[in-house]
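Peer 1: The primary structure of each chain is shown beneath.
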Amino acid sequence: MISKKQKVTTICLLAAGLFVNTAVTAQDQHITTDQQLLRSYLEQTRFPIDTSAKAIVLYEKGDVFIRNGTLERQEERVVKILGSDAVQDFATISIAKGDYSAVTKIKGETYNLRDGVIEKQEIVSDDILKDEIDKHTTVLKFNLPSVKEGSVVRYTFTTVSPGWLFIPGWRFQGEYPALESVYEINVPSYINYIPLERVNVPMAKANRQKELAQAGDASFQETAGNQINHIWVRRNIPAFREEPFMSSSKNFVEGVRIHIESFRGDTYNVGVYSNWTQVSKKFFYENEQQCGQVFAANRFLKDKVEELTTGKKDDLEKAKAIFAYVRDSIREKPEVSGSKTSNLIKDIYNKKEGTGAGMNFLLTAMLRVAGLQSEPVLLATKSNEHLNSIYPDLNNINYIASRVKIGRRNYFLDASVKQMPFGMLLPACYNGYCRVVSEQGEGIYLEPDSLRNKNTLMLTIAPDKTDSGKLRLTVDRQFGQVSGLEHRKEWQRDTGAVRKAVQKELNGGSYPGTLSACVISNLDNPDKPLTLHYEATLNFNPEETTIYFDPYYTRFCDKNPFSATSRKYAIEKDYLEDINYIMRFQLPEGYEIDDYPASSNFQLGENKLVAMKNIFSYDKETRMIMLNSRLTSGTTLISADLYEPLRLFYERVMEEQHKKIVIKKSHI
Amino acid sequence: MKNLLKKVSLLLSILYACCCSEASGQYAADSIPANLLRHAHTVLRYSHTEVNINTPEKVDFKRKYAITVLDEQGKNDARLVEHYNDLIKINKIKGWLYDRNGKEIRTLKEKDIYDRSTYGLSFAFHSDSRMKIYDFNQNTYPYTVVFEIDETFKTSFFLPSWEVQPRASCAVESSDFVVKTAADVPVRFKEYLMPAGAFQESNDDKGNRVRTWSLRNIAAYEEQPRAQAGNYEGPTVLLAAEGFELEGYKGNMKSWEALGTFMHQLNENRDILPEDKKTLVKSLTDGLTDTIEKIQKLYTYMQQNTRYVANEYGLAGWQTFDAENVAKNGYGDCKGLTNYLKAMLKEAGINAYPALVYAGENYHKLDESFPCNTFNHVILCVPLEHDSVWVECTSQQLPAGYLGSFTQGRKVLLITEKGGYVCNTPSYRKDKSYVRHNAVLTLNSANSRQTVTLSNLYSGLMQDDLLHFLKTQPEDKIREMVNVKFSFPSYSVSSYNYGYGGSRFLPEISEHVEAQVSGIISTTQKRTFVNVGWMKNPMTEIFQTIPRTLPFILDRSFAVTDSITVILPAGAEVETMPRPVSVKYPFATYSTRFERSGDRISMIRTYEQNEGTYDTGDFEKYQQLYKIVNSEKENMSIVLLNKAS
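Protein chains in written order, with the numbering used here: chain A, 1 to 668; chain B, 1 to 645.
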């Protein structure tokens, strides 16, 4: 693997003037050719931008050239290694290429200080290994030599591929802080593009290119002849750190995306992705292999639809019957290598299997055959960037659901998930802007605030009538839509898992018990709430004079979910939470209530962004102590400014859930 | 002529119909015996595996098997994944898909097989390893897939093994293993968990020795956690050729000594340092007289100047790159880095030996009675007068002389110029692997937030993960970790620091934290509860709902001590202190005790676990103890009476 021809060059740079600068292309050469600057970076062990960073990107640049139907993309990076664990990230470089592309001009260099002398090592062509990943993908890979803590590394490569319809984007921000990140495109002036910049600082518009060299964040654009030159420079970019409760990092990472609107000439301007209405119509509504098939007459579905809807009292019942048929009778079959799965509704209907998107096309088509207003919905799930409501970004669309309008109400449907109830989508689908495909098309918002997960747990503890040394625990849980979906997925696969989950709950709590009965209902009927009933026997020592009883058999959360001490980005949750816990404890014979916590009611914000209510009461007649505790959220989006109050709110939740009830023997 | 053709055609049709009906009968799902359906997601209907060891450099490996998939959870068993490389050639793959009635639906088309490199799927940077993948992607259950695979190994250095039952949820209707060896190619075998009567031996008409194992009707079963004592859960046969050839290098593995000799010869004379590194070694060790100090100095140099890059391409999987290469490039794999340190030590006048090992926490245990090549890693052993120093050369964090959980406590093969020797790596039991938590809480009952100071010590294996995290993560990630790692209901850390120490060959980490903690004080109308049970349960939850029928194995010894001191406000009236608990089982001891001295209440909780194999009754006790520790944790409160206002 390792070439014996590898070239090791030691350059004595004691006198700066001795060095001959052979660099010609990239601007970074000032770092690796300016010996004083290079030496200072080699000697520097901490950088003010981030004093604990394990590496600093000193300079990086992406260059894109589109000419003669070819897309050429150069990438260059110069990095200072500050911690050994960052070595792997910059010392082993892999570049993937497809069938019709090539990777050229690969260079890699490592600079180290050795006894005060700058030592340079570089890779030679034999060091570059080729790995044919599969029929269509090849990876070129190499290791930079002698990379260690303190090194400065530089690598550059160029990929060449056919292309004139696409301009790649660039990320200014990554896992490590960067001192300077530059992106430059040189594209023909027939491309009419919109740069979509996502940066956390104001970007100035430079009038002349040389202004970019000055400190600051700016862009510059000029047209010379038939070429447009556009440059962005972003400096001192902090590392991007993902935080809990946030949507895809793609919504936050600083960068620039190039949206191509149209191609223009002297006498024409052909819109490609000008607006959603046009894109939706051209690529989806009119595409008969895709969404377009649902708008055809689809007479082959008529008999089945009639069979399903005959006798149904209204449109909602008809829609539910059709939805249940597609969900329960058609199997989702993901595509795997060597096996194509059909997207065509006729195939899917006949074979009773198809892709998830195809199943929702079939659902939509059947609803339409039944005379209902139904359309496919294109969306980006939470693993992707939010769809842009103005500039169509087709690459982000990764899910197709269905909508049916009954009366004045819209129902969003997904028949591709066996456990899905009518009128709900996966939580990941509630990701903001999405598109309803119809002749005119329609932009709508699917917000997580429209999904509420209402869980109820009722628990009763009473003395065992046959054994004074035991208490009987009865638990009834009703799971909300989201919890029901998650549990069904898990429990349908392994019915033994229900009992395991219950036993785990019993093992983990403050009063371990022995399970005696366990019944789960509606496990295979997603249209009805999933419920769980179980009973257990708890040990109880009737000789105890004072018992400190924990009224929270299970807690809403074991730990404060907001553990970080600070927050940069807004808190985004997948759905509204509503947990209702009702506990009744009938005192054993001979005991009286001695002490219990005061009821409480607290919330975050006047609009009850989150709220908790705990009501304790004691009924002397029935000798029953009761607790009704409820935690609700009124929004799924809380600004980072409210992070500390939110953390304090949950701190209070934790405190409340650690309170005790005290019962004492009545004769004491 | 026409009549004859008609007759032939009719005959062929009848023959075809017979074949089809035979196939139908063979793979129809309803012909599976009922006892094989219990706990099963798949049933191996038929499996025939044949290994023909013709010469030390040519081994034919043929398999044909039929597997019926009963439900979605068994789907992965129907997927074909065949690994190959420059030494293993796949000659042929055939496949058929049958429906529930045993009727053929489809056949595999070779063009549909997905062929890919394993790059990105394994840790290796450079490898000749590739895989062929095929999935009929059938969605209607039950169904049956039949695969026929024909491979040739260009070496007998490693040979196929036979594990009858691929997994617990796969029942086996019929499985055979046939090993044919030429008279002049001796091959040893070792059976594990093999029932009596499965094995037969004979000679064929060509004088080859034919060994056959046949097993029928093995039911699927529910797995029981922590029950596997050896390397295998079910009947298995391992093979090892006495003489072998690997890329032109000849060797034998009749004994561990012989295998060691081969590995030594394969890597001989590759430990020559370039001149500049020889000078460097001299400068680093000049003035040092203690051998261990020299080892530590050179190991530290290597950790700071090299990095791990795995190379498993062809012979490079077994033969190290020479020391000069690693010195020049600053990277190497486990062999290369081990050889490099060995070369530096040699230059410093210290002899060291590579040791082949199966690394990882769930590792393949070396069977001393059956010499064969079952290693995946190499470490370095420096024998000294009284003890040996063991060095993990791929780590940039571990101190010299400490191996960590990756290779500790197991048998390894030491490679010397005199051959191989089986020896043991050090074990880190509970006297070396422990955690001591020490917390002080000065109670301020007027405030729901309390200040808690923690002084904790982590030693041996109990510090491995923490050390790795601290040494590899940026400060903000460490801060995030400190704000999550303790099991207080809610807290924020106001200050923290870590120190690294320990005795020779045994690292320790000290941790000092001050935290603002909520949720440990709660009040009712008459009382204040101070919960001192915030510590994590040190036991692992080992869970099963079916009755335990197998022994119960704990593979690690360790000790955890939690000391918590609560300083009460002056005049505080204590109503109740938690009761002491003391439980002693063969596998563990657990105790809590409380002491009051003036305004101070101290709680000491200890848990000590002993590695070993325990009987089924002990499993129930383990579960009980786990529940006790959990409920103790919830109920461990000091109860103070509120003063009347």
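No wet-lab data here; the hints were simulated from the structure.
Quick caveat: nothing in here was measured; it's all calculated off a predicted structure.
Check the hints yourself; a few may be wrong.
Partial chain A-side listing against chain B, Cβ under 7 Å, derived [claimed, not checked]: (1) Ser52; (2) Lys54; (3) Ser84; (4) Val87; (5) Lys148; (6) Glu505; (7) Asn507; (8) Asn560; (9) Thr565; (10) Ser566; (11) Pro597; (12) Met654.
Simulated crosslink set (BS3-like; lysine-lysine; CA at most 27 Å straight-line) [claimed, not checked]: (13) A/Lys302 x A/Lys148; (14) A/Lys504 x B/Lys536; (15) A/Lys148 x B/Lys471; (16) A/Lys352 x B/Lys109; (17) B/Lys536 x A/Lys120.
Just the calculated beta-carbon pair ranges, DEER-fashion [what the hints assert, rightly or not]: (18) A/Pro188 x B/Pro166: 56 to 64 Å; (19) A/Gln88 x B/Lys346: 24 to 32 Å; (20) B/Pro569 x A/Asn525: 53 to 61 Å; (21) A/Ser249 x B/Pro383: 47 to 55 Å; (22) B/Asp86 x A/Asn229: 45 to 53 Å; (23) B/Ser597 x A/Gly496: 47 to 55 Å; (24) B/Pro166 x A/Asp619: 55 to 63 Å; (25) A/Gln88 x B/Phe543: 49 to 57 Å; (26) A/Glu242 x B/Lys526: 41 to 49 Å; (27) B/Phe123 x A/Met458: 37 to 45 Å; (28) A/Lys665 x B/Pro580: 20 to 28 Å; (29) A/Val124 x B/Glu275: 20 to 28 Å; (30) A/Asp34 x B/Glu275: 26 to 34 Å.
Cβ coordinates follow ideal geometry from the N, Cα and C atoms, glycine included.
Peer 1: So, for every hint listed, does it hold in this structure?
Peer 2: Cross-check of the supplied hints:
For A/Ser52, the shortest C-beta to C-beta distance to chain B is roughly 3 Å, which falls under 7 Å, so the interface hint holds. For A/Lys54, the interface hint holds, since its Cβ comes within 7 Å of a Cβ in chain B; the closest pair sits about 5 Å apart. Taking 7 Å as the C-beta contact cut-off toward chain B, the hint placing A/Ser84 at the interface holds, the least distance being around 5 Å. Using the Cβ-Cβ criterion of 7 Å, the hint placing A/Val87 at the interface with chain B is satisfied: the shortest such distance is roughly 5 Å.
Because the smallest distance between the Cβ of A/Lys148 and any Cβ of chain B comes to about 5 Å, under 7 Å, the interface hint for this residue holds. Here the hint on A/Glu505 is broken, as its CB sits about 11 Å from the closest CB of chain B, past 7 Å. A cut of 7 Å between beta carbons decides the hint on A/Asn507: the least distance to chain B is about 5 Å, and the hint holds. At about 4 Å, the closest approach between the beta carbon of A/Asn560 and any beta carbon in chain B falls short of 7 Å, and the interface hint on this residue holds.
Look at A/Thr565: its Cβ gets to within about 5 Å of chain B, closer than 7 Å, so that hint holds up. At a threshold of 7 Å, the smallest CB-CB gap from A/Ser566 to chain B is about 10 Å, leaving the interface hint violated. Taking 7 Å as the C-beta contact cut-off toward chain B, the hint placing A/Pro597 at the interface holds, the least distance being around 5 Å. Hint status for A/Met654: holds, given a least beta-carbon distance of 4 Å to chain B, under 7 Å.
Pair hint A/Lys302 plus A/Lys148 does not hold up; C-alpha atoms about 70 Å apart against a cutoff of 27 Å. With a C-alpha separation of about 16 Å, the suggested pair A/Lys504 and B/Lys536 falls inside the 27 Å cut-off, and the hint holds. A threshold of 27 Å between alpha carbons decides the hint, and for A/Lys148 with B/Lys471 the separation of about 15 Å falls inside it, so the pair holds. Among the hinted pairs, A/Lys352 with B/Lys109 is consistent with the structure: their alpha-carbon atoms are about 24 Å apart, no more than 27 Å.
Pair hint B/Lys536 plus A/Lys120 does not hold up; C-alpha atoms about 51 Å apart against a cutoff of 27 Å. Between A/Pro188 and B/Pro166 the beta carbons are some 58 Å apart, a value that agrees with the proposed interval 56 to 64 Å. The hint said 24 to 32 Å for the Cβ distance between A/Gln88 and B/Lys346, and at roughly 29 Å that hint holds. At roughly 57 Å, the beta carbons of B/Pro569 and A/Asn525 sit within the given window of 53 to 61 Å.
Distance hint check: the CB atoms of A/Ser249 and B/Pro383 are about 51 Å apart, consistent with the given range 47 to 55 Å. Evaluation of the 45 to 53 Å hint for B/Asp86 and A/Asn229 yields a pass: the beta carbon distance comes to about 49 Å. Taking 47 to 55 Å as the suggested C-beta distance range, the pair B/Ser597 and A/Gly496 conforms, at roughly 51 Å. At roughly 60 Å, the beta-carbon separation of B/Pro166 and A/Asp619 lies within the given 55 to 63 Å, and the hint holds.
Taking the beta carbon of each, A/Gln88 and B/Phe543 are about 37 Å apart, not inside 49 to 57 Å as hinted. Separated by about 46 Å at the C-beta atoms, A/Glu242 and B/Lys526 satisfy the suggested range of 41 to 49 Å. Range check, B/Phe123 to A/Met458: about 51 Å between beta-carbon atoms, so the 37 to 45 Å window is missed. Restraint check, A/Lys665 to B/Pro580: a C-beta distance of roughly 23 Å satisfies the suggested window 20 to 28 Å.
For the pair A/Val124 and B/Glu275, the supplied restraint of 20 to 28 Å holds, since their beta-carbon distance comes to about 22 Å. The hint said 26 to 34 Å for the Cβ distance between A/Asp34 and B/Glu275, and at roughly 32 Å that hint holds.
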